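Taking the hints into account, I'd like the entire structure generated from these sequences.
Protein chains in written order, with my numbering: chain A, 456 to 612; chain B, 634 to 897.
No wet-lab data here; the hints were simulated from the structure.
A hint or two may mislead.
Said to hold, decoys possible - Some chain B residues well away from chain A (every beta-carbon gap over 10 Å; in silico):
1) Lys659
2) Ala676
3) Ser694
4) His720
5) Thr784
6) Leu787
As the list claims (entries may be wrong) - BS3-like cross-link-like pairs, simulated, lysine-lysine; straight-line CA separation at most 30 Å:
7) A/Lys603 - A/Lys573
8) B/Lys846 - B/Lys865
9) A/Lys466 - A/Lys573
10) B/Lys659 - A/Lys469
11) B/Lys802 - B/Lys865
12) B/Lys672 - A/Lys469
What the hints assert, rightly or not - Chain B side only, calculated, beta carbon under 7 Å to chain A, not exhaustive:
13) Thr637
14) Thr638
15) Tyr639
16) Gln665
17) Pro669
18) Pro734
These figures come from a predicted structure and were not determined experimentally.
No residue lacks a Cβ here, since even glycine has one placed at the ideal position from N, Cα and C.
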Amino acid sequence: MAQVSMTVNGKAVKRSVPDTTLLSEFLREHLRLTGTHVGCDTSQCGACVVHVDGRAVKSCTMLAAGADGASVVTIEGLAKDGALHPMQTAFNDNHGLQCGFCTPGMIMSGVDMVARYKAEGRELTEAAIRHELEGNICRCTGYHNIVKSIQDAAARM
Amino acid sequence: MYATTYHRPGSVAEAATLIGANPEAKVLAGGQTLLPTMKQHLAAPSDLVDIRRIPGMAGVSAAGGVLTIGAATAHADVARNADVLRHAPALACLAAGIGDPAVRHMGTIGGSVANNDPAADYPSAVLALNATVVTNRREIAADAYFKGMFTTALEEGEIITAIRVTPPKRAGYAKFANPASRYALVGVFVAETASGVRVAVTGAGANGVFRHKGLEAALAASFTPEAVDGVKISAEGLLSDIHAAADYRAHLIGVMARRAVAAA
Chain A
456 MAQVSMTVNG KAVKRSVPDT TLLSEFLREH LRLTGTHVGC DTSQCGACVV HVDGRAVKSC
516 TMLAAGADGA SVVTIEGLAK DGALHPMQTA FNDNHGLQCG FCTPGMIMSG VDMVARYKAE
576 GRELTEAAIR HELEGNICRC TGYHNIVKSI QDAAARM
Chain B
634 MYATTYHRPG SVAEAATLIG ANPEAKVLAG GQTLLPTMKQ HLAAPSDLVD IRRIPGMAGV
694 SAAGGVLTIG AATAHADVAR NADVLRHAPA LACLAAGIGD PAVRHMGTIG GSVANNDPAA
754 DYPSAVLALN ATVVTNRREI AADAYFKGMF TTALEEGEII TAIRVTPPKR AGYAKFANPA
814 SRYALVGVFV AETASGVRVA VTGAGANGVF RHKGLEAALA ASFTPEAVDG VKISAEGLLS
874 DIHAAADYRA HLIGVMARRA VAAA
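Shown next as structure tokens:
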């Protein structure tokens, strides 16, 4: 068993879990934070994207033990004081989802890409958003409204 | 995945001791290949030795004009490192095209070079740039390092600590990515180095990454995209699979070589 301590959405957590526990399992099954979805379990779909020490990663492809000591933000941690994060509002306003299964990963990837492009002073064009979404798969929307949502949010963030 | 014991050593020496004590142990770096492989029950290491956060294993230095890239440096960090962008922009460009953003935040250069996947991007850069693979025991020249797909000169318990690159005069990389996996169906890295023009091809060889002597000779005579046109590229020894036949891969080697030279 691995003793795992980390900060999740600003709260310190500590659990003893099997060494094979994935970060996605840790979040969903041990912390009951089921907003992080597992779509493919083969590192391709991106529904499980969370932020680990400020970077978007696929939580199904990281061990919980490997995230010991890290600061993790999940979809549940984006809203502040009951107010949605601008990325969440933008997905709502632009109908950036249909079934919603991929949405947590889309939003976490969206927040990450906007932050990176802003930090580097680069323009997040529509083409760049589509390229950045390489690792996030949506099987309903055809991506158009997801791209629009991220563009809209980038202007608000 | 099958049961395993996770370790996070504080030093390379400690990591080497752990691996020495557990013959079925594996080094875990970014885990972007190893963990999916374990989840599919295609690998079952008794122990995982996580080297990602060992102090000094990540980061880039350009001391003396030579790039030393720590083995645990993530693809995203190679892609935007100022020294890499200045001294070997083709390498930064290659790193920026591996997998997807989340994979690039975790996957490492050392992990990719140690794994030597026949369709991975980094082996082509290491081979074409005549880079040095630095381990906890020795330094291995690229030409002596790659031994066929998923096979390298690394000995049991040997751990890559850094990749050392002497900046090329110019270099370029172009890949035709598999539309689903983003691995290279064919990737060609061309470099004009102190030891001449070197061309390495990934994704195509049935035995992993390889240098293409015909392209090297043609580009040594004239480092232009047009020079590629006169080179006959044989399909012999190339992969044929559901994604592409050997003759199609041979054709793509020429196309990617032209693009790589144009980008250099």
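Checked hints:
1. Lys659: Label holds. Min Cβ-Cβ 13 Å, cutoff 10 Å.
2. Ala676: 12 Å, holds
3. Ser694: At about 22 Å from chain A, B/Ser694 clears the 10 Å cut-off, so the statement holds.
4. His720: Label holds. Min Cβ-Cβ 19 Å, cutoff 10 Å.
5. Thr784: For B/Thr784, whose nearest Cβ neighbour in chain A is about 24 Å away, the distance exceeds 10 Å, so it holds.
6. Leu787: With a cut-off of 10 Å, B/Leu787 remains clear of chain A, as the shortest Cβ separation is near 22 Å.
7. A/Lys603 - A/Lys573: 17 Å, holds
8. B/Lys846 - B/Lys865: With a Cα-Cα distance of about 11 Å, the restraint between B/Lys846 and B/Lys865 holds, given a limit of 30 Å.
9. A/Lys466 - A/Lys573: Given pair A/Lys466, A/Lys573 holds - Cα atoms ~27 Å apart, limit 30 Å.
10. B/Lys659 - A/Lys469: 26 Å, holds
11. B/Lys802 - B/Lys865: Holds, at roughly 26 Å.
12. B/Lys672 - A/Lys469: 24 Å, holds
13. Thr637: 6 Å, holds
14. Thr638: 6 Å, holds
15. Tyr639: Hint on B/Tyr639: holds, closest Cβ of chain A at ~4 Å, below 7 Å.
16. Gln665: 6 Å, holds
17. Pro669: With a minimum Cβ separation of about 5 Å from chain A (threshold 7 Å), the hint on B/Pro669 holds.
18. Pro734: 6 Å, holds
Checked against the numbered hints listed earlier, the structure breaks none of them; every hint is satisfied.
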